[in-house]
Amino acid sequence: MKTFAELGFPGRLIAVEGLDGSGKSTQIYLLKRWLELQELKVYFSEWNSSELVKAATSKGKKRELLTPTTFSLIHATDFADRYERHLVPLLRAGYIVLCDRYIFTAFARDVVRGCPPEWVRGIYEFAALPDLTFFFKSDLEVSLKRILDGRPQLKYFEAGMDLHLSTDPYESFRIFQGRILEQYLAMSTEFNFLVLDANQVVERQQGVVRELIAQKLSLASFHRAERPPPKLPAEPHKKPVAEEPVQ
Amino acid sequence: MKNLTRNHIVVPHRSERRFYGHGIPGVDLEQLAGKLIAVEGADGSGRSTQIAMLVQWLEGCGHATTQVGLKRSTLVSEELERAQEGNILSRTTLSLFYATDFADQLENIILPALKAGFIVLADRYIYTLMARDMVRGMDEAWLTNLYGLALEPDAVFYLNVSPEELVQRTFAKNAALDYWESGMDQGLSRDMFDSFMKYQTAMQKTFRRLQGTYGFTIVDGMRSAQVINAELQKKISVVLAGK
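In the order they appear, the protein sequences are chains G and D.
The opening position of the first sequence corresponds to residue 121 in the numbering used here, with each subsequent residue numbered one higher.
The opening position of the second sequence corresponds to residue 41 in the numbering used here, with each subsequent residue numbered one higher.
Bear in mind the hints are in silico, worked out from the structure with no lab data behind them.
No residue lacks a Cβ here, since even glycine has one placed at the ideal position from N, Cα and C.
Among these hints, one or two may not hold up.
As the list claims (entries may be wrong) - Some chain D residues close to chain G (C-beta under 10 Å, calculated; not the full set):
(1) Thr133
(2) Phe137
(3) Thr140
(4) Met224
Okay, chain G solo, but in the shape it has when bound (with noise of 0.2 Å):
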């Protein structure tokens, strides 16, 4: 496998990855900001967020119709969509994707529920790798306490009651994420994980992502190109085109 660099795509793919509750959706979304406000050319994709699939998928969650099977396949078919449908065309288009989830995330989780690990590797061949992949490294009691402030109950799937690990939610979660960690650090080199320490403070953690950031990728070439100012559309209702990619 190879990264979207070395495949020649002008674009650049970070992905963050770690357990629920790491702060890596905070980490991501401070790292846009910044990144747009230098005018550059930034498109963000979330984990099982494509329109279509998240119906179906939500649907097997809300019903628990989902096996471990059908779990990895449905999450396959939604990173499938958006790698087919924006990530892989706004690289070509020279943009920087971040990532919240990416393919280290189906390969943690599905081998937890027990799908073999060479099937699910195979299913995800057809995605390069990301450019850079940052590690968010928390501990477990960290992850626990982040999800349990933010919400009053820990979800079926996310605490991992559908392993029948526990009948305690709390407990479930702590085994369950547990043993996702555990991929998740067999990976690391495999896949160069960029490891953070995930239970410092937010400022610190984000000062050194954009520390690693400038130093790995060079920014000024992902300006947005000098456009002139829109001209009114020759029909009212149309968008202008070359807008920017809705989120």
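With chain G's structure known, arrange chain D on it following the hints.
Coordinates of chain D only, in the frame set by chain G:
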């Protein structure tokens, strides 16, 4: 009413089972006592007619049956239908969506039915899904890994009907060719008739190729429904007897 005595009801012979690849985690193959029979073929090849006749016959022989087919899962069938209507999904996405639909039915219908000793009749199986993707240039190794989750059926029949005959049968029913069955998404020809012929010819070629790997039975679908069904019954009887 003759044939109703217990003596005439054949208990299907247990045979060895395997998944094509990695399979479904946590399934005990030993417990799958029933039989899985797949019928493949293009639209208009007579699949549904043959399956309906087989159900009559099997139930008459005292076997419990259940049916599955593509795009019938509780999980994603509606979404899949909508996606196809809009023609908005890319190839890999559509392929994985179909695989999800298949896996859902495999785990929630096929495997439990086999466990309960039913004869499961599949109106199309993974081969159609693979052939459609292969014709569209998807990587065969990728598909083989993906569909390694599937259980090997006890028998697979491919109803072979020439594209010329498929056109005639379709028009006798609908007076219109189906967009997907004509392969219109591939830009083979702007003429729908031409596209249909090219696409169906390519599909047949791919099926013959898959036959080499999966060894299914090719049945001449140009004959009358009764003659075809008699052949299927004969072959299925052999499977049930475990010969």
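Report holds or violated for the interface hint on D/Phe137, using the least CB-CB distance to chain G and a cut-off of 10 Å. holds (5 Å)
Please check whether D/Met224 passes as an interface residue: C-beta within 10 Å of a C-beta belonging to chain G. violated (20 Å)
Please verify that hint: D/Thr133, Cβ, nearest Cβ of chain G, below 10 Å or not. holds (4 Å)
With a cut-off of 10 Å, does the beta carbon of D/Thr140 approach a beta carbon of chain G closely enough for the hint to hold? With a minimum Cβ separation of about 4 Å from chain G (threshold 10 Å), the hint on D/Thr140 holds.
Checked against the numbered hints given earlier, this structure breaks only hint 4.
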